[in-house]
Amino acid sequence: MGAILEVGTLHYVVLSFLLFLVGVVGIIVRRNMIVVLMSLELVLNSVNLNLVAFSYANGDLTGQVFAVFSIAVAAGEAAVGLGILVALFRLRQTTELDKATELSG
Amino acid sequence: MFFVFGALALAAAVGVVTLRNPMYCAVALLVSFLSIAVLFLLRGAEFLAVVQVFVYGGGIMVLFLFVIMLINQHQLRETRKYGPHWWLGLVAALVLGLVFVRAFYPAVFSDPASSPPAFTHVEGLALGNSQAVAWVLYRQYLLPFEIVSVFLLVAMVGAVLLGRRQ
Numbered sequence: 001m002g003a004i005l006e007v008g009t010l011h012y013v014v015l016s017f018l019l020f021l022v023g024v025v026g027i028i029v030r031r032n033m034i035v036v037l038m039s040l041e042l043v044l045n046s047v048n049l050n051l052v053a054f055s056y057a058n059g060d061l062t063g064q065v066f067a068v069f070s071i072a073v074a075a076g077e078a079a080v081g082l083g084i085l086v087a088l089f090r091l092r093q094t095t096e097l098d099k100a101t102e103l104s105g
Numbered sequence: 001m002f003f004v005f006g007a008l009a010l011a012a013a014v015g016v017v018t019l020r021n022p023m024y025c026a027v028a029l030l031v032s033f034l035s036i037a038v039l040f041l042l043r044g045a046e047f048l049a050v051v052q053v054f055v056y057g058g059g060i061m062v063l064f065l066f067v068i069m070l071i072n073q074h075q076l077r078e079t080r081k082y083g084p085h086w087w088l089g090l091v092a093a094l095v096l097g098l099v100f101v102r103a104f105y106p107a108v109f110s111d112p113a114s115s116p117p118a119f120t121h122v123e124g125l126a127l128g129n130s131q132a133v134a135w136v137l138y139r140q141y142l143l144p145f146e147i148v149s150v151f152l153l154v155a156m157v158g159a160v161l162l163g164r165r166q
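Heads up: the sequence lines are chains L and U, in that order.
So that you can map any letter, position 7 of the first sequence is 7 in our numbering, and since no number is skipped, the others follow by simple counting.
So that you can map any letter, position 145 of the second sequence is 145 in our numbering, and since no number is skipped, the others follow by simple counting.
Derived from the structure by calculation, the hints contain no laboratory data.
Glycine included, every Cβ here is placed at the ideal spot set by N, Cα and C.
Errors might be hidden in some of the hints.
Which chain L residues face chain U? A few, computed with CB under 7 Å, are given here [stated by the list, open to error]: (1) L44; (2) A57; (3) Q64; (4) I71; (5) K99.
Chain U on its own, in the form it takes in the complex (with noise of 0.2 Å):
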């Protein structure tokens, strides 16, 4: 399963990278965020596989998609596709490997064999991974979400602002 869809995400990544009309880009990042819900799902995160699908395979898909209809068709066929700096891509490319290889390559992680009961249970009752999620969001973090909710305020009216005909 993490093969297949690890795969999956990956070869969509790159199309979105590579492929000419926006529209089909549109379409492979559909194809990864969907794989990475499934990522989700293996790694015991229920309520997040399903946010995930909400807001970037629902919410942000649709906001691409009006964007790229609104958006003449004619205007958006490209003489070239990469820019002039696309050598700095591959040099920033190959920098991070290289400071990923040096910071990981001997590394050892913790692989618990079963889901965390953390993830599940709360106060050892077994109510399901969104109940967890809202325990500790509602009690450890509620100012954090406070703030997002105001955030979010914020950039609707900065979307709004910035799409209004002047």
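Pulled out of the complex, with its shape left as it was, chain L reads as follows (with noise of 0.2 Å):
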């Protein structure tokens, strides 16, 4: 028991990936965008805590700036998601995903 109360690298990888998991089925299974997009973000941050665990593993601290990097890259997706998602409801007056079928022939 106390083997598995003291915290790990592996105690981060698997909350991790748990929240990666929630994330992606976030993306798939909704309809609102804007519920997709905060899935995103889920799925972007389980990324950056397993880059952190890593940075603490090997004591370097590449990991924490490439965690940075990430993080921007996040703010960027998010600004032009949400334009994408205004600009949708201009044309079609929903957020709903399954009712933008213009390709669908």
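Dock chain one against chain two, each of which comes alone in its own frame, and use the hints as you go.
The following block contains the structure:
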């Protein structure tokens, strides 16, 4: 029991995997595009958690620097994604993804 | 600490995926972001924890809330929460779970007892985590840093163009 309660890198990897899984399921399952973008942020966050955990395990700061880049990219992605969402809403008066069917013939 | 905030982050993530009202989803997402910031602190990443609170808890969260408020609440009421491919999500979760267990089951990770000196020391001097991150970021990774700044400019112009009225 004591070995399980001692927090190590494996704990972080498992938690990050579970967060990743929840995010992926959210992206596939939900219809509302706002919530899909939120799930995407969850996925990116879980990757950051992994980067920080392995950075600590290896005693190397590169993981943290990479996580800084990842956060910047996530911010840009959120801005563009929400811009697309607003454009979609103006066009179709909905945020539900299965109503955006211009390309399905 | 790890178990409390890890469980909180996970529960909030499940809330994001399962709650009906996007506003509640946004609040759950904020709880998840802040819990993950605490988990960063526990692994010696003080600078990243602050960046996480600023960028995710501040910037991205405000962006989401503005868009939710911009879009009419009545239009957001969903008839069904989940799309027609909801079973695909469960299949993807199952497959990813199997891949993870297969890849990591006999894994052994090194677990240092305390925060590595590289996190707070620059060339033998104890300066703190922000300085240590800046040292690596501006010396070893200067070109990627500049590329990220150009990327953010492109994203900003793109978001303004997409959000503009025709």
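(Q) Flag every earlier hint the structure violates by its number, smallest first. (A) Hints 1, 5 are the ones this structure does not satisfy, whereas the remaining hints hold.
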